[in-house]
Amino acid sequence: MSLVTATIRRDLLLAARNPGEWANPLMFFLMVAALFPLAVDPDPSFLEKIAGGVIWVAALLATLLSLDGLYRPDVEDGSLEQWLASGESLYGLALGKALVHWCISGLPLTLMSPLLGLMLSLPDEAYAALVLSLLIGTPVLSLLGAVGAALTAGVRGGGLLLSLLILPLYIPVLIFAASAVYHAGIGMTYNGQLAMLGAMLALAMALTPFAAAAALKINLLR
Amino acid sequence: MWQWLKRLYHRLGSPKWFYEISARWIPWLVVLSAVGAVTGIVWGLAYAPADYLQGNSFRIIYIHVPAAILAQSAYMMMAVAGAIYLIWRMKMAAWVAKCIAPIGASFCLIALLTGAIWGKPTWGTWWVWDARLTSMLMLLFLYFGVMALQQAMESEDSSFRAGAILALVGVVNIPIIKYSVEWWNTLHQPATLKLTEKPSMDPAMLWPLLIMIVTTYAFFALLVILRTRNEILWHERKRQWVRELLEK
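Quick mapping for you: the protein sequence lines, in order, are chains A and B.
Each step along the first sequence adds one to the number in the numbering used here, with nothing skipped, and position 54 is 54.
The numbering used here runs 222 ahead of the 1-based position in the second sequence.
Please keep in mind that the hints were generated in silico from the structure rather than gathered at the bench.
Below, a list of computed lysine to any residue pairs in the SDA-like style, where the Cα atoms sit at most 20 Å apart:
1) Lys-217/A - Ala-305/B
2) Lys-400/B - Ile-175/A
3) Lys-217/A - Ser-381/B
4) Lys-217/A - Leu-308/B
5) Lys-217/A - Arg-311/B
6) Lys-400/B - Ile-171/A
7) Lys-238/B - Lys-313/B
8) Lys-217/A - Ile-309/B
9) Lys-313/B - Ser-377/B
10) Lys-400/B - Met-196/A
11) Lys-217/A - Ser-377/B
12) Lys-217/A - Asp-379/B
13) Lys-217/A - Arg-156/A
14) Lys-342/B - Ser-279/B
15) Lys-217/A - Met-312/B
16) Lys-313/B - Arg-451/B
Residues of chain B clear of chain A, computed beta-carbon distances all greater than 12 Å:
17) Trp-265
18) Met-312
19) Pro-425
20) Arg-451
21) Arg-461
Glycine is no exception: its CB is placed at the ideal position from the N, C-alpha and C atoms.
Construct all of the structure, not just a fragment, from the sequences and the given hints.
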């Protein structure tokens with residue numbers, strides 16, 4: 001078994017045995033979405049207009065919350081050094097780590113999003129767009145976030161810094177995804193936005209592991 | 223030509239050489255910025271004809287456009303300097319990147335503020351969530367991120383490298399800014415100047431703008447050089463040549 005699959009297996013196993021790691025961001029996702037009707041306006045005709053955007057913002061924040069721990073334990077306990085010493089490519093590790101992160105954050109968020117749609121009275125036509133946009137968009141969040149997590153893995157209290165670095169890079173994803181959900185809600189086509197998200201995913205999958213790998217090496221030079 | 227560039231590159235790697243040669247550039251840059259600023263501003267504000275549609279309010283273009291151009295090219299320079307540092311470990315490149323970041327962020331802020339001031343009389347609002355404005359705001363956030371990262375870690379070397387990686391990732395935003403006015407139907411007007419086409423402006427308005435752009439570049443170069451010289455002195459403070467320089 002290659003080192004990449006072994007790491008993916010190990011990380012998934014760790015997540016399974018430590019449910020807080022993936023369940024807490026999910027709770028956060030739920031609660032943030034619940035705040036908007038309370039704070040802004042619980043009127044369904046108003047909520048259905050903002051539902052897509054609110055769900056996406058909540059998903060984005062929940063993703064950020066779970067990113068901080070992506071590399072930090074590996075840097076601290078020396079697994080990363082072992083990895084480098086093994087001569088295996090860091091590109092594979094970065095891609096595998098992003099995949100694991102998506103499995104424990106993006107995927108559950110996507111599966112739970114229809115429930116939030118219900119809470120925020122999302123129009124019936126928009127559910128498919130919501131789930132599809134999350135399905136394509138959240139991996140991009142994980143991949144981009146992995147770069148930030150790798151950059152800040154060695155910084156004490158790097159969580160806030162991580163958000164500062166990564167949020168600007170999330171803006172394009174947010175714009176296209178929220179616009180897809182909104183357009184679906186008012187009965188328009190949303191293929192274009194999904195295609196843009198797909199293009200971002202392809203680009204992020206090919207390029208961000210390089211940046212993450214370079215950033216990981218920095219942490220070992222201290 | 224290639225040989226000459228290679229020699230220049232190797233020389234640029236030497237802080238001492240840069241410190242000495244840049245002292246000769248400073249007076250020229252000061253004169254160029256001062257004369258350019260006076261000519262460009264007086265010409266632009268007083269003598270250029272008023273716009274047939276926007277009246278006198280268009281004159282803010284003489285600050286807005288140069289600042290916006292500079293904010294973007296400064297980001298590219300910072301990213302290139304970062305790449306040089308990552309690949310060839312040239313210390314000078316890291317210091318230059320560190321010095322560019324706050325200056326570029328300031329120009330970005332100036333572009334956003336003058337844009338808001340310009341937007342009020344012409345669009346009737348300080349701010350809209352238009353593609354060009356949003357992507358410029360992203361650029362400002364990226365500058366902040368790079369600056370935060372450049373001082374985040376205990377070892378300066380790691381901080382510079384982390385900042386360089388973030389700067390390189392953020393380069394995606396530059397084409398988005400550039401083409402935002404063409405890809406989306408936006409409130410922001412399309413580019414005034416293009417390298418490949420005849421400018422859409424009357425020469426009487428165009429000349430002061432070109433002068434202001436050149437001036438802003440000169441001013442930017444001056445600021446970067448001054449800050450880099452400080453950085454050099456600080457990092458090389460234990461070297462013999464700096465000691466001799468300070469004792470003089």
